[in-house]
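Asks: Make the full structure from the sequences, and use the hints.
The numbering of the sequence shown is UniProt numbering, which starts it at 1 and goes up by one.
Quick caveat, the hints were computed from the structure, so don't treat them as lab data.
Any given hint could turn out to be false.
[To be verified] Simulated DEER-style distance windows between Cβ atoms:
{"#": "1", "residue 1": "ARG252", "residue 2": "ARG63", "range": "29 to 37 Å"}
{"#": "2", "residue 1": "GLN65", "residue 2": "SER281", "range": "31 to 39 Å"}
{"#": "3", "residue 1": "GLU68", "residue 2": "PRO298", "range": "30 to 38 Å"}
{"#": "4", "residue 1": "ARG63", "residue 2": "ASP265", "range": "56 to 64 Å"}
{"#": "5", "residue 1": "THR222", "residue 2": "ASP270", "range": "29 to 37 Å"}
{"#": "6", "residue 1": "ARG291", "residue 2": "ARG63", "range": "22 to 30 Å"}
{"#": "7", "residue 1": "ARG105", "residue 2": "PRO240", "range": "14 to 22 Å"}
{"#": "8", "residue 1": "ARG133", "residue 2": "ASP265", "range": "23 to 31 Å"}
Yeah, the Cβ is synthetic: ideal placement off N, Cα and C, and Gly gets one too.
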Amino acid sequence: MNVHELNGWPLDVVPDFALASLRRWAREKPLQIALRHRRQGTWKAWRWIDVLREVERCAAGLRQQGFEPEAQLVLCGAIEPSLLIFALAAHSLGGYSAVISPQSRGEVLQRQLRLLRPGFAFVQRRETVAHWRLAGLDAVTPLQLFCAQASSAAQGAFQVLPLATLFSGEPLHHARQGWAQVASDEVVWVDEGTEWTQGLAHVLSRWLERGEGFAFPETRETASRDRREIAPTALLLSTPRAQALAEEIEARLAPHGSWRRRLCDWTLADPRRGLRRWIKSRVRHLLGFQRVAHIETPVNAERAPGRLLWLHEHQERVA
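Replies: Quick look at the structure:
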C-alpha cells in the first residue's frame, strides 16, 4: 500500500448515519440477531440491543483510557464484531477510525502510522503485534494498543493492553443463541480483513443501512466449515476473496477430463431446469451455499470467476 492510497482514504470508515441506525434497530427489533461470530469453536450471537450496549461499554472504556474527540483509532485484523464495535465506539466519542492491513510490515507499517498518527489501535492477533514491535515504531507518536490475545506489556513507543481492560460495566450476558430459533433468518456472510481498504466502511454501511444479520468465521482457515454451518443467504466479497472462493469451488469439483467433471460443465451450461438444476442444487448444498440468493462483489458480474455461477445466477456489484 502506498502513500497515495492512504491519502485517498476517507477520514473515518464509519458512516455518518451509523449510530442513528444502530439505535433504530436496537429500538425496532432489539431481540433479533445482528451479529454471529465463531470464537474458540463456539458460535456466539449479538442481538441488536446487545450491540448497542457493547458499543456503549467500549466507548466508556476508551474514554477512561483518554480517548477524546478527534482522536484517531487504527484497526488491524479480520473484520468481525470486535472491529465493528471498536469503530462505532470511537465514532460515538467524536473520534475517527482507519484501517491498516495485517500484512503491513517494517518501513511500510512505519510510513502508514506516521501518516495516520493514531493515539489508539486495535490489533487482533499477537503475531501481528510482534510484527509491529519489530517495525521499530519508537519514532511514531506513542499509542495505546489493544489486543484480544495479548497480556499487558510495554515496549518502546507503545503499550499492549488486553482487550478486557477496555470494557466497563456489566458484561454481555446474551452471548449464545440456539440456532434452531434463527435458522431461517437472512444472514450476510463476510470473510474479509482490513487488507481490503474499503471493506470495513462497506460492511458497516451495508449492515446498518439494511439492518440484516451478519456472520463471520473464526479464522480464514475455518471459513469453509463455519460457512457451511451458517448457510448464509448473501455473500459480501472483495475481488480477491471472490477469486479465492472460485478457486475453492474449483478444488472441490471433480478432476478435469473425468466424466463427473464433464457432468459439472454440462450443468453450468444451462442450470435452470431439469437434472441440471438438481445437480446445481446438490453442489450448492455441499458447499454451504444452498440459501445464497445474492453475491455482492466489486467485480462486474460478467467478469466474475466462472465457478461463482454455482452459487447464484445473479450478482450485485458493490458500490
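Asks: Could you tell me which of the hints above the structure violates, numbers in ascending order?
Replies: 1, 2, 6 and 8
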